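Chemist: As a plain string of letters, each chain reads:
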Amino acid sequence: MVLHLPRWATDCLKRADRRLGALPLPLALYERQQGAMRLVALDARAAGAGLSEGQSLSDARALCPELDAREIDRGMLTSVFADFADWHSNASPIVSVLTDSMPYGDLALDITGVAHLFGGENRMLAHLTERLEMLGFTVRGAVAGSVGAAWALARFAPGQVAGNEDLPDVLASLPVAALRLDDAQVEGLLQMGLKRVGQLYGRDRGALRARFGGTLLNRLDQALGLVEERVTPRLPIPERHAERRFAEPVTLIDDVMLTARDLGRQLSAQLEAEGAGAQSFHLFLYRIDHKVMTLSVNAARATREAGHIARLFANRAERLSGEFDAGFGIEAVRLAATSVSPLDTTQIGAFETDDGAADLDRLYDRMASRLGPLAVSRQKFVNSHIPERAVTLEPAVARTPDDPQAMPDAGLPRPLRLLPRPEQIEVVAEVPDGPPARMVWRRVAYRFARASGPERIGVEWWQPGEGALTRDYYVAEDEEGRRFWLYREGLYAVETGRPRWFMHGLFA
Amino acid sequence: MQGSAKERVVAELRARIAGVERRAPLAGTAERERDGAALPFRHAPPGLLHEIWSASAREAGGALGFALGQGRRLIGRARQAVLFLQLAHEAQETGLPYGAGLKSFGFDPQALTLGRPRDIGELLWAIEEAVACRAVAAVVADIGGAPRALDFTASRRLSLRAQASGGSVFLVRYGAQREASAAALRWRVEPAPSAPVRFDDRAPGDARLKVVLEKSLSARGVGGLKGEWILNWTEAHGWDLADGDQGAGRAVAGAPAYGAPPAALGDRLSQAG
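Chains as they are written, first to last, in numbering that gives the first Met the number 0: chain A, 0 to 507; chain B, 0 to 272.
In short, the hints are calculated from the structure, not lab data. These numbers come from a predicted model, not from an experiment. Careful: at least some of the hints might be erroneous.
A few chain B residues facing chain A, derived, Cβ under 10 Å [stated by the list, open to error]:
id	residue
1	A62
2	L82
3	G100
4	P108
5	A134
6	A145
7	P190
8	E234
Derived coverage of chain B by chain A (criterion: at least 3 residues anywhere in the stretch with Cβ under 8 Å from a Cβ of chain A; other residues may be distant) [what the hints assert, rightly or not]:
id	region
9	48-59
10	113-122
11	161-173
12	201-208
Each residue gets a CB set at the ideal place from its N, CA and C atoms; glycine is no exception.
Whenever a hint applies, use it, and build me the whole structure from the sequences.
Modeler: Written out as structure tokens, the structure reads:
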């Protein structure tokens, strides 16, 4: 099913600003294009007054003096349309925005296996379009076996439900623009006298390809359902889900979390029946003002334990606290599980055995869900001899195998704590390329009693980034026994005349 | 044979009393006798809240080394992980534990997980959550400054949590100001010149620290001890007395720094914990 909202830009503004909708003035949006201000979106009144898209603003003002013209905000329109699209996932799980002609305005829903819930395809189409019309949107919709055909019908012959076998006949009478072609291609076809889609049937494909490129044939085949076209769903496709609709909208996060806990139990029973567990859980909150909020949590290993899932969401919600905005209320909550994999019943029993790994994973899940996934990490060695590159942090919930080549040499002196950014220090050395004798770090002076080094670490010349200098590292101990890791940047008299010193780490 | 049976009975009774009193059981006398003297850095039981103080952030390396050395002792087959927690914005001040450094120090970098919460509330939550986990041997929390959220109540909470689960908590703190806290052991760590290196008297050798036990609660199996030692780090033996420091003579058994917390407070908290 494709829903086409030709007046989305103006309808959306009118819904956002009620006064605008109440005024009987024509509304148009303009955009600066190559120095001229041209109209890019019109409402029904403006179109009725004889204005057209692409007209310059001054011409339009002359034609229609009472015109209310505003500059278009494409980013806002696109993002609101995306929310609007997400809201439609209460009708079908696979919803995507078709951006072939515009970044907003066309919505594709995969209603395979869904339509019977609404009493058939006709009634579903009627239901969805009526619902949108009641909200003040101009909408046209059509159902067909392919995305291309539904798009064509929605624009040029809305309200139809076309079966697969009728597609060639239904499409034959539509103008060629119905094939989602670009302007140059449409113009070329018209020049050749090819006005209807039907005239393309049976034409020499080689000639068409040579004249218009492969996209024309591709679009034709897609519309006829000969070539499968995939749409990218905006939201992850839930493999398993449980949902609840409320008789009255709820606004409190606590109520939402209670519902989530309940849904978690349902979902867990569902997963258990299948002998499966899931690693990602998504909570969709459908607001009555057509926005969808999504909370996602990930588990380090597949789980179906309702208590654990509920705790992850509770932690995630705590991190949300200030940002939670229920608007006018939430009408439905859906809990979906993705990344589903088989999970034997014995694996649940791991809790009882002495292997603590499952417990640790749960702990990391809980911490990551509250503190953020990057805030709980482990150290991973990278095959590099530059100290700050040799170790990276990776999320503890998403471990990757270690690279045996990257294991550091335990014999090298390395500090227990490394400063994320080396700090420049003042150092006095007896000779310019000798060990440090005194330093000033963070405005405190130190006098070194002992030092060992240098350990010379060269530049990784195969890495991008210019201007790097060789470093000479020293382990230096001050008179009281603090041990520091410092380095001199640049070889004296070879790379630089005045080497600078940096503090890089602290030893035990 | 008879002796071991007797020991077992004593240990059982101790465990039962500990259960009634909600406290960690006393360390076995045999263990103490074997050590020859009370050296709590060697046999402090798990499930305690420790505070490790050092004068400033520039001594953070020694403090972390001491905490990890203690933590390493607690790692076992069932408890394999040590968590390090630090506020994300304090990493530059005291430095992040460095994998390659852990390796050359003798601590398995895979056993250490880093948690970097954004504020002190989250940090305290993370300590509690982590120490409650059955598979965590120790939690090392690096706390700069004197946050108001970490008051006596909070530390009492942590201490009860640690007792209940059997994991240890090490709070690494900086400064000279001590606040009231429910920590079972309070250590002060100061730098000490490193061990001499044979054939090279200009190079730093094995890490050494001066460790002062400022307080220990008598009831927690570590006795009302105080003392100071110079400790020497070796990968094989962990922190142990440095040569020439007989230690035992300097440990002074004394009255506990303070006894149980006020009855009302203790009662309320034990219910909470």
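Chemist: Against which earlier hints does the structure fall short, listed by number upward?
Modeler: Hints 6, 11 are the ones this structure does not satisfy, whereas the remaining hints hold.
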